[in-house]
Amino acid sequence: MKQDAIVDMDLLGRLSGLSMKVSGAVEGQINGRHRSPHHGASVEFAQHREYAPGDEIRHIDWKSYGRSDRFYIKEYEDETNLNTVLVVDSSASMNFAYGEHPTKLTYASRLAVALSWVLIRQGDAVGLVTHNDSVRDFIPPRSAPDHFWRVVSSLEQLKAEGQTDLTHVLLYLAGLRVKRCHFILLSDCLEFQSKFMAIARQLKRRRHKVTVLQILDGAEIDFPFDELTIFEGMEALDEIQVDPRAMKETYLSEFTEWRDTLRRTLQDGQVDYVEVRTDRALEDYVFPMLDGGPR
Amino acid sequence: MNFLSPLMLIGLAAMLIPPLLHLLMRRKPKRIRFPALEFISSSHKKTSRRFRIHQFALMLVRSLFLGMLAMAIARPILNSSQESTEDFGDDGATMVIVLDNSYSMGYLLEDESLLDAAKIMAGNALDRPGVQAALVIAGPQAKAPFEQVSGDVDAVIDAIGDIEVGTHARNLSGAVTMAYSILSQHTEIENGKVIVLSTPIGLKDLPQPPEDVSIDLVPVDVARGQKLPNRALQGIQMKPAPRMGAGYWELSIEVANYSADAIQNVPIQVELNRKILVNGFVNVDAGEVGTKTFYFSLSRDQNGPAKIVMKADALSVDDELHFWLSPSPPVRVLAVNGDPNATPYRDELFYLKKIAEPALTAGARMDIKSITSDRLTHSALRNVDVVVLANVGDLTNENARSIRAFVEGGGGLFVTMGSRINPKKFNQTLGPILPRTLRSTRVAGDASASVQSRDRGVSLIKTFDSNHPILEKISRPEISSLALVQTKKYMLLDPAPTAGGSVVMSLDDGAPLLLTSEHGAGRVALFASSLDRDWTDLAIRPHFLPLMVDTFRYLTRVRSVDPHPILAGQPAEIQIGGDDMKDVKVRGPKGDLYSSARPESADEAWQFSQTNDIGHYRIEQSQGRVELGGFAVRVDPIDGRLNATVKVDGDDKAVQTSTLVQERRELWHWALILLFILLASEAALLFRRRQTSKQGNRQAIAETP
Chain A
418 MKQDAIVDMD LLGRLSGLSM KVSGAVEGQI NGRHRSPHHG ASVEFAQHRE YAPGDEIRHI
478 DWKSYGRSDR FYIKEYEDET NLNTVLVVDS SASMNFAYGE HPTKLTYASR LAVALSWVLI
538 RQGDAVGLVT HNDSVRDFIP PRSAPDHFWR VVSSLEQLKA EGQTDLTHVL LYLAGLRVKR
598 CHFILLSDCL EFQSKFMAIA RQLKRRRHKV TVLQILDGAE IDFPFDELTI FEGMEALDEI
658 QVDPRAMKET YLSEFTEWRD TLRRTLQDGQ VDYVEVRTDR ALEDYVFPML DGGPR
Chain B
145 MNFLSPLMLI GLAAMLIPPL LHLLMRRKPK RIRFPALEFI SSSHKKTSRR FRIHQFALML
205 VRSLFLGMLA MAIARPILNS SQESTEDFGD DGATMVIVLD NSYSMGYLLE DESLLDAAKI
265 MAGNALDRPG VQAALVIAGP QAKAPFEQVS GDVDAVIDAI GDIEVGTHAR NLSGAVTMAY
325 SILSQHTEIE NGKVIVLSTP IGLKDLPQPP EDVSIDLVPV DVARGQKLPN RALQGIQMKP
385 APRMGAGYWE LSIEVANYSA DAIQNVPIQV ELNRKILVNG FVNVDAGEVG TKTFYFSLSR
445 DQNGPAKIVM KADALSVDDE LHFWLSPSPP VRVLAVNGDP NATPYRDELF YLKKIAEPAL
505 TAGARMDIKS ITSDRLTHSA LRNVDVVVLA NVGDLTNENA RSIRAFVEGG GGLFVTMGSR
565 INPKKFNQTL GPILPRTLRS TRVAGDASAS VQSRDRGVSL IKTFDSNHPI LEKISRPEIS
625 SLALVQTKKY MLLDPAPTAG GSVVMSLDDG APLLLTSEHG AGRVALFASS LDRDWTDLAI
685 RPHFLPLMVD TFRYLTRVRS VDPHPILAGQ PAEIQIGGDD MKDVKVRGPK GDLYSSARPE
745 SADEAWQFSQ TNDIGHYRIE QSQGRVELGG FAVRVDPIDG RLNATVKVDG DDKAVQTSTL
805 VQERRELWHW ALILLFILLA SEAALLFRRR QTSKQGNRQA IAETP
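Keeping their order, the protein sequence lines are chains A and B. Numbered per this note's numbering, the first sequence spans residues 418 to 712. Numbered per this note's numbering, the second sequence spans residues 145 to 849.
Just so you know, the hints here were simulated from the structure itself, not pulled from any lab data. A hint or two may mislead.
[Unchecked claim] Going by beta-carbon spacing under 8 Å, a handful of chain A positions derived as facing chain B: (1) SER510; (2) TYR589; (3) ILE647; (4) ASP655; (5) VAL659; (6) ASP660.
[To be verified] Here are the computed lysine-lysine pairs in the DSSO-like style, where the Cα-Cα straight-line distance is at most 30 Å: (7) A:LYS612 x B:LYS190; (8) B:LYS383 x B:LYS348; (9) A:LYS576 x B:LYS174.
These numbers were taken from a predicted model, which means no experiment stands behind them. Just so you know, even glycine gets a beta-carbon here, dropped at the ideal spot from N, CA and C.
For reference, chain A alone in the conformation it holds in the complex:
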């Protein structure tokens, strides 16, 4: 597999028989394995609703029309599919890779591809939002099998550039006219702002689900440098010359504290959080999610 290839057919083959479950009800367009909050074409009647242009004629309750001379649509408790939007951060900081590992963006893309594969295979709809400090591309959720390749194509064309603004992206997601869905954010979250949580709570109130997969390189976590080094910023033009031996301890302490804080903050706001290291195998993160969903 090439360093920057994002589709691993072997992995996708191993994922073919698996499915992904989401706790709670989700909105979807087709019948599927998740209980839908919507009322649709099902045997179990739920309620009547007044006809509106665009409703399928076959859903009109002709008996009620006969009684009341008005068009009503008969609604049933319906099973539906899962709407998932993968939100991939493509800011410049995602272009980082130390050693032989893939860049954070490549890793995030692979993760997105694997999740898309599983979800579409099980009949769920998958959408994609790519962003840096603004949204670069939006693919609405679809469940058609060839939609997978559209997602893949968009991810493959992704280049890491620009700065991150997660809050802005979350605001964009809040403005989307989509049914209740599951937003999976794949980002290093280095530009995490407190405003993020307010918007995340807003999404939650609309019964959306938010999961953050924090993509980090092993070098960011372990800081394995020991020679005089000039560190250059990836999203800003700053640079700083330091002796890593001098500040390793402090760096590790501060970085760990920051990650802990981020985890607690997200979890307090009922946002699922998973830390993903790019130096570990993709399966380590994909399979647990398939077993029981994000933890």
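Take the given structure of chain A and dock chain B to it, following the hints.
Below, chain B without anything else, positioned relative to chain A:
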């Protein structure tokens, strides 16, 4: 603080290694694009200062470690003298300070001259309440600036401050005696002290206080017990070195090594007219006087101020020896012709005169003057180096006495035989100084045989003493033209040597042909055959010329340069030719100009007494600046030795030695302890850094999910 191996202090330069390594091995920093720059920046701000201090401390510790190692190897010692003014006297004491200011007090000990050290010691002694003091300066002649002790100590201290190191030799006895007499004037004083400040050897054999007065003699070693190693030029001897070639001289320099260690390869050079004539190195064993010999050639015009310069030590004044080089003129030969002849080649001196021709002698520098025997007088022997008596049979008793006196005074005498020699008469006149007395003439070979065979009518030279200076330069004389010399007639000599002569050459029948002997300061050579061709054909052999030249050189008197050196402060005798020169100017080494007049009495020597400066004095005409010659003044080498055990014998009550005890503490083990402390500090610093690093790593590992 001193060091036993100060050379090892070069190792202190190793202290520069850590900072240099830091600068030179500084790698170019790597460039890494890193996302979490904010965390790095924040951490760097918090830790960089602490890290720099840590790094600097580590470098400092390492530098100090290397420096301390060098210090330890250099073996530091601490000289702490238990020096206190109590040794010199109590408050209100009465004392006479005797301060030695001879040239040896210019010895530099720890960059301070001994005289300066003595001044400080004297100042300490005087700086007490109620002290009454006087001062005696031990110069060439003892001098007391104050006639009696006084309470004006400041004046005494001022007078001490004005004293400078002189050029004279030590003369403490007179000064100490003068100090006793000053104290003796004050009969009311009890237990007055005479404090003598000098070098250890200067304190030896000081005159004891008079018995009738109570005076304490306090000899104080200004070197505080430290060794004062010194090397000094003692004297020189210069004489012709004919063995080395024409115009060569041999200069022997005596170098004394007054130290416990041998001196090795000390540079030494001879300068003439401020130009280096020759240089080399001298080695002398500990406590010995060695001789360094130089050979060099001098042309006739090479003369004037010269000096020997040895690499300076703590006492530099005796590492230079000035002298006035005036190489002797060419060997002056007075040849007395006992058998002159109008036909040149039949003349007795015909062949000898030939060798005086410059074209032949080629720089052998022989001035041969010939006279007939009837013109030989006492005055003719003046300004002559060698006298040749060639077949002189009519030597008067008076002339013989003159010649004998000439030889005893260092002149050379060369006697050759001939038909005019009457052995008996000759023995009566010059017999006492001849190597062997004459016996009779002898015809070579058998008389009858000589008729039958001409070959048997001559004698050949068979035996050569190649080690004799005369034959030293002739390589293998037994196969040279000398071996072909045919001698028909020669003088038989008495077998018993009367003057201990040595045989240089002898004939095949055993009869000596050339002999030498020494008589008084001079030398005599006796050639048993004739100088012309009457008795032998030596004169026409190629080796006649070198044989004669070497014989005359051998007979030449040895000339020492400055056999009687002029020491600083001693009068120099001015020797100017021509009685019409009534006065001269003398320019001293420092450019001072003195005038000196010839004494009115002819018997009185013309002396110049302002010789306090070391160096060359030039004698010039009183009118103009025509230089007439010069002389050199040097220090008395006797003071070159400075170390001695202070021994003060005598009455315990009257004599009290200074208790200046030199305590030498070696500090190298302290340096080693410090070294280990530094080593431990470095280890601690490194351990701390490593711990920090490990802690960081552990933290990183623990965080890995």
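Status of the hints after comparison with the structure:
no., hint, result
1, SER510, "holds, 4 Å"
2, TYR589, "violated, 23 Å"
3, ILE647, "holds, 5 Å"
4, ASP655, "holds, 6 Å"
5, VAL659, "holds, 5 Å"
6, ASP660, "holds, 6 Å"
7, A:LYS612 x B:LYS190, "holds, 28 Å"
8, B:LYS383 x B:LYS348, "violated, 38 Å"
9, A:LYS576 x B:LYS174, "holds, 25 Å"
Of the numbered hints stated above, those contradicted by the structure are hints 2, 8, listed in ascending order.
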